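Student: So you can see what is in the structure, the chains are spelled out below.
4 protein chains.
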Amino acid sequence: MSTTASIDAGTRSGAVLNVSLVGAGFIGRVHAQCIAAHAATRLAAVFDTDESAASALAARHGARVAGSLGEITGSGETDAVVIASSTDSHGEIARACARAGKPFLCEKPLDTHRDAAVETVRYVREAGVLAGIGFNRRFDRQYAALKRAVGEGEVGRVEMMHLTSRSHAPPTLDYVKKSGGQLRDKGSHFFDLACWIAGERPTEIHAAGACLIEPRFAEYGDVDTAMILLRMPSGALCHLNFSRRTAYGADERIEVSGSGGRVESRHPIPVDVALYRGDAIHQKGLHQHWYERIESTYPAQLAAFVEALEHPGREFPALIDGLVAEAIADAGMRSLRTNRPEPIDYEFDV
Amino acid sequence: MSTTASIDAGTRSGAVLNVSLVGAGFIGRVHAQCIAAHAATRLAAVFDTDESAASALAARHGARVAGSLGEITGSGETDAVVIASSTDSHGEIARACARAGKPFLCEKPLDTHRDAAVETVRYVREAGVLAGIGFNRRFDRQYAALKRAVGEGEVGRVEMMHLTSRSHAPPTLDYVKKSGGQLRDKGSHFFDLACWIAGERPTEIHAAGACLIEPRFAEYGDVDTAMILLRMPSGALCHLNFSRRTAYGADERIEVSGSGGRVESRHPIPVDVALYRGDAIHQKGLHQHWYERIESTYPAQLAAFVEALEHPGREFPALIDGLVAEAIADAGMRSLRTNRPEPIDYEFDV
Amino acid sequence: MSTTASIDAGTRSGAVLNVSLVGAGFIGRVHAQCIAAHAATRLAAVFDTDESAASALAARHGARVAGSLGEITGSGETDAVVIASSTDSHGEIARACARAGKPFLCEKPLDTHRDAAVETVRYVREAGVLAGIGFNRRFDRQYAALKRAVGEGEVGRVEMMHLTSRSHAPPTLDYVKKSGGQLRDKGSHFFDLACWIAGERPTEIHAAGACLIEPRFAEYGDVDTAMILLRMPSGALCHLNFSRRTAYGADERIEVSGSGGRVESRHPIPVDVALYRGDAIHQKGLHQHWYERIESTYPAQLAAFVEALEHPGREFPALIDGLVAEAIADAGMRSLRTNRPEPIDYEFDV
Amino acid sequence: MSTTASIDAGTRSGAVLNVSLVGAGFIGRVHAQCIAAHAATRLAAVFDTDESAASALAARHGARVAGSLGEITGSGETDAVVIASSTDSHGEIARACARAGKPFLCEKPLDTHRDAAVETVRYVREAGVLAGIGFNRRFDRQYAALKRAVGEGEVGRVEMMHLTSRSHAPPTLDYVKKSGGQLRDKGSHFFDLACWIAGERPTEIHAAGACLIEPRFAEYGDVDTAMILLRMPSGALCHLNFSRRTAYGADERIEVSGSGGRVESRHPIPVDVALYRGDAIHQKGLHQHWYERIESTYPAQLAAFVEALEHPGREFPALIDGLVAEAIADAGMRSLRTNRPEPIDYEFDV
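Protein chains in written order, with this note's numbering: chain Y, 1 to 350; chain S, 351 to 700; chain H, 701 to 1050; chain U, 1051 to 1400.
Next up, chain Y with everything else stripped away, as it sits in the complex:
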């Protein structure tokens, strides 16, 4: 959707989709804003176990407050649901949506445990509703352009991939405790990107990590700095590196090289102003917060979800993609402990 088109959207002739939201925390508010701004969607209702949060958010966008999940899934007014509640409730809400025949977009991960997640995927599949997982980074304009270049053969046969994901500031200990670990929490987004870009799933992972930033993360079996190697069936080698804290902003980069060339998604410079003084050039730096870096992926993700709803068959990250990324993370967690490459088990095929 071009920018000018967005200004000219007032004349859109199609019906408006009523989208309801479960979860009024930070990411819930991000989704609410996207739904309100998109020309084809309307925020219908908001549910959160924290009722005051739900009320404030609903008020801001002229939506209804739902007193229970059932008021959302059971409502004829709701055409689709966005699930942005706490991780441990994702599976249950997803199944409720499926039962009610409501298509949904669920923040990742689908569940805290693999077996439960697999069960949910089966359940949703049988219900036959369109269900997407929130791999929003696929909608980053730069990653999408890079994926397109690789897909169109611009770099030939892929030989090496490098993905960098580094946050500006470490999460709290409390967050780490519930996060499932760096490889799942942040990693799964990038494992998904690696598979999506390469068009194949790795067979083996070697993960090396350390607590160089916050030693207490080790108490929860976690690391704050990691380097990962994935082996692809094609023979391609894929390196990822993760850090919970840079001293220079949010750093996300991807590069892919192959028999025909190399493509890279550089880190964006949001204010490209440079000062030349003496023997140096001082440039404004990277986005200072992870959200600023990927802010634009949320409206793009919603737009793609709407496209997928309106045009069956359009590509959108599926629940199974979430299982794949989690399987890679699981094997990576094992490799962190064994300090050996570990095979990756995708035997959940549903």
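If you are wondering where the hints come from, they were derived from the structure by calculation, not from laboratory data. All values reported here derive from a predicted model rather than from experimental measurement. Here a beta-carbon is modelled for each residue, glycine too, at the ideal position from N, C-alpha and C. Treat the hints with caution; some may be incorrect.
Listed next, the stretches of chain S that the computed footprint assigns to chain H, with coverage defined by at least 3 CB atoms under 8 Å from CB atoms of chain H [claimed, not checked]:
| # | segment |
| --- | --- |
| 1 | 400-412 |
| 2 | 438-447 |
| 3 | 592-601 |
| 4 | 614-622 |
| 5 | 679-691 |
With chain Y fixed as given, assemble chains S, H and U onto it according to the hints.
Tutor: Quick look at chains S, H and U alone, frame taken from chain Y:
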């Protein structure tokens, strides 16, 4: 306003400002979207002589359609007005707002003729309402950062300035006919930026131009390619160059050098993905449309206007700044004809 | 000549050219080093009125010291001469070379006065020797690539050109006194580049200048900061800006835009290392000295001179190109005084 | 040594060092050119088992041809020796130099087998002559600047390092057969850089590789594409990636991040000219040949060797540094086979 703050804006405690809009064309729609998205403003009413345009826009944002200008200026519901109608109606609407005691933000220029514009400025000043002119480029994050660097002495005493303003595609002949000429139409934004950044007004202008892109522009006494030299009272020299059509997107750059260094606002690369093949690197290019390049200035301009309304004394481009830019453009038009440097007459001081 | 070729040059089969040098100052030493390093040339003899300078330089490169100019022009050992003596001796030495049938490469300008220079060009032409002028910047790899791109139509019909030439540090007053003025001293190199790249000679020049760096330059009728506008017969507009002192190194850039695109030669970053800290990126800056910036042009110029000697008809900057650049500078000096565009007189055609 | 200083070098007062050369192949010719160009050195004699190569090279630089190695080591004329012969002769020549009390600079590796190399290091140490190994990349201006930044604490405590080394074109099968493998041949330079920059030696290496470019390399137990992980005693993680062939020139990059920031040495763009057309920017690419990329390291290496000769105690890569890099490569070769992290054995300490 930080991005995260915008997501968290639901909790804003202050009263909401009711902003009404005159003009539902392209720029009017841009303003409407900004007013709807800003946490502190609400689109109250829309007026346009084209009633169906007003209705469509009002409907999209849940606003009222006004049947006449008076229904906006006379309404207790309207706290402020944005004037985005056709140029020849700006003065009259501005005076109506002033008369009704409504603060307003008016797209430039304030009027088609200098005398009328001066008259309007006097009228508004006597009425004592806050009135801003739409020099939105001052709110470009890059230009603002550059202005700040110069203001803080990062480049020392200013010696040379270079401003580049080149559109991706030429306007229609019909547009050119009414535009007042390239130096007024596009130029006045950059004359304003030059004065604002330098902190002084030029005394003399030399303008050289040609019709290299569209010979028929000459029929209206216009040029499509121009190079301008401004002499500043401090002795600094300022070059501007304008083009109605590049073959490579919308190109806006500013650089300032002085006794202590040089600062430049580079052209943003919206999708910074690069492909390395053979002996070349192929990078995605510039914004392809002028609006994409400056899209982000509109919400920033509205935010600053709200700040100025809530906190008297905050800087916002004033109507007089519009007169200054037009005076430079007038002298530039004269120089185009005489092919000589021409003095600039600011004897409108009101 | 590729770099690897230079290493493999030991096997060159052709005869070695004996090149002698007049002038053992800084630029003379630069030429001596180039002659010694080129696989096809040998430094034969060195003459300088300062005999000890000549001796030291000759010793360093295993060359003969000449006791007089005649010992160079009269020697069967000398195949070609490089003239790098003081400006006021260029004409006389050039004529002596011509008389002796020795091809030569002369540092610019050919003479301190136009009439004398024209006379010398005629004299040399009648003698029929190959004579080049030291417009070494044409051999800058970047400028040469840019010229090639323009010549091959990559930017379509040229509409605008911008040339920036800024030195890191101002010359001494004593130098300024003899320099002929900024527009001649530094400017003529860039006037030549403009003509060479555009493939046409400007008809009119407007020059605006000021002493913003060193007020005492005004005592010699000179400026230290200048902005120039050239009008080309095709209608293209060309801006140049000169500064005698930046606070950020030696800044030389050229850009050309036209109906089909835009090409730019960016300022090289000799040590491209960047430090990311906090919200900034600190990059190593520009060359800090003009010589470092253009050092590589001297061996490339010599290589092209050798090519021209060995293959008649190869392009090399001719003495007439020096007259053209001086004519533009002369008109520019006039414009500085009249503050008006001035026509350029090329009526020296020889 | 600044560039201008090099032009002014004729006045150097110290004695000239007579440097002799063993080996007149490509790298020998590179060294010869450096020795001839350096103000403080003179190419004294050249020896090669291919006498005609030695003669041609000696003639080009006015040096003597030595009929045997003894004519070099036994000559009072030779102050120092550069060893650039075939790898299997390095050890013997190094010992001959040591025996004769001649300081030397030896191309890496010191020997084809670890035990022999260790033996040679001991021998040389006992002889007490200054002996350097040709880790020329340490003298790359960019790598040196990056090392300096890390050493001065600009990035704080090092957490992650990334080194990229990719050649433009694969070597011949014949070369691969004798090369010792990609990890030794190219890798050892970068293992050395990693240790030098980090200021510590890795304890463990994991190497993953594949023949994606030339399957026949596998016949010699070699890979053409590799990703390496080094664990440092400090906990820092270091990734290296090697490729025998890019489709986009010679790509060498290093980046280091830590608790205080990140520093990167970007790939140089030798001709920084860019063409803007449509929605793309086409920039000239990387150096197309590995030698062009590192050409400037050879004169810098020689200058540092001269410094070390004249000022005992100055840092210069020592023979032991060569053993360290080879030990890392050895463990890496083992890891390629076991597909497990392998400890690195430095038990050669001499």
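Student: Hints first: check each against the structure and report whether it holds.
Tutor: Structure-based check of each hint:
no., hint, verdict
1, 400-412, "violated (count 0)"
2, 438-447, "violated (count 0)"
3, 592-601, "holds (count 5)"
4, 614-622, "violated (count 0)"
5, 679-691, "holds (count 3)"
Of the numbered hints given earlier, the model fails hints 1, 2 and 4; all others are met.
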